[in-house]
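With chain A held as given, fit chain B onto it using these hints.
In the order they appear, the protein sequences are chains A and B. The first sequence runs 1 to 126 under my numbering. The second sequence runs 1 to 132 under my numbering.
Keep in mind that the hints are not guaranteed to be accurate.
Unchecked claim - Partial pick of chain A residues on the chain B-facing surface, computed with a CB cut under 7 Å:
hint : residue
1    : 28
2    : 37
3    : 46
4    : 49
5    : 52
6    : 55
7    : 79
8    : 82
9    : 111
10   : 113
11   : 115
12   : 121
13   : 123
Calculated directly from the structure, the hints in this document are not laboratory data. Small disclaimer: the values here were computed from a predicted structure and weren't measured. Ideal placement from N, C-alpha and C gives every residue a C-beta, glycine not left out.
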Amino acid sequence: MSMRSPLAQVRGVGSAKAGAHHWWAQRLSAIALVPLMLWLVASLAAVATADYATAVAWLRSPLNSALLILLIGAMFYHAHLGMQVVFEDYISTHWLQVTGIILVRFLAILLAAVSIIAVLHVAWGS
Amino acid sequence: MGNSNRPLSPHLQIYKPQLTAVLSIAHRASGVFLVIGTLLLVYWLMALAQGPESYAHAQAFFGSIFGRLILFPWVLALFYHLCNGIRHLFWDMGAGFELTTVYASGKLVVVAAVALTLIAFGMAYAMQGGVA
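One chain only, chain A, in its complex shape:
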């Protein structure tokens, strides 16, 4: 008896090759986000409650701006991977599901770009 699903046999395409990529990317970004998020909350608890000059000075430090940019990248990457799974699981209308996934991906890239540029704007002064 073949272990392949009837659909895979009909199509004869075998596995999708990159089957584990989404899973792995989700874990990898999750691992990165654990220290980054702890750092962000601890920093913002001090910085965001202070005045404008304090926040700017904090963000001008190369270590802080670099960590924040990495956090923004990992966060929106992880967010779009997670939302993709949510859409795949709960939206059964195919075109809606695909449209949702594409929109979330574009939105995540847009928000990441805006956030990173905002960080650089402060970090490099203007």
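This is chain B only, laid out in the frame that chain A set:
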């Protein structure tokens, strides 16, 4: 496929809610909530980039009752998702599947998430305006 007469599994509300199932769906729910909450960070960074005036508006917003009512659950969701995510990573390594361990780690995650949230806000209130 195509057979609408096949037996269906019992509906969700038949079951007594169990810690494991509740925490599982809470992981998803908190994830979706966190995605919406990323807009707060984007807003804060944009306000900071736009100058002292916009930043003052953002601070007024986050300091208002409404702002705090959003921030508190967001931080709680963040710490819950973070702690439960670590629990998931242990499962990914094949560890912690025994029923007693699953329940123990589940309770630990809830306690840790609440504790970290209280610590974070305790820090924020203690340092208010005082730290560079």
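Hints versus structure:
The interface hint given for residue 28 of chain A is violated, since its Cβ lies 11 Å from the closest Cβ of chain B, which is over the 7 Å cut-off. For residue 37 of chain A, the interface hint holds, the least distance from its beta-carbon to any beta-carbon of chain B being 6 Å, beneath 7 Å. For residue 46 of chain A, the shortest C-beta to C-beta distance to chain B is roughly 4 Å, which falls under 7 Å, so the interface hint holds. For residue 49 of chain A, the shortest C-beta to C-beta distance to chain B is roughly 5 Å, which falls under 7 Å, so the interface hint holds.
Annotation: interface hint on residue 52 of chain A holds; nearest CB of chain B at approximately 4 Å, less than 7 Å. Because the closest C-beta pair between residue 55 of chain A and chain B is about 6 Å apart, less than 7 Å, the hint holds. Checking residue 79 of chain A against chain B: minimum C-beta separation of about 5 Å stays under 7 Å; hint holds. At a threshold of 7 Å, the smallest CB-CB gap from residue 82 of chain A to chain B is about 5 Å, leaving the interface hint in force.
Restraint check, residue 111 of chain A versus chain B: the minimum CB separation of about 5 Å is within 7 Å; hint holds. The criterion of a C-beta within 7 Å of any C-beta in chain B is not met by residue 113 of chain A, whose closest approach is roughly 10 Å, and the hint is violated. Look at residue 115 of chain A: its Cβ gets to within about 5 Å of chain B, closer than 7 Å, so that hint holds up. Interface restraint check for residue 121 of chain A: the shortest CB-CB distance to chain B comes to about 4 Å, inside 7 Å, so the restraint holds.
For residue 123 of chain A, the interface hint is violated, the least distance from its beta-carbon to any beta-carbon of chain B being 10 Å, above 7 Å.
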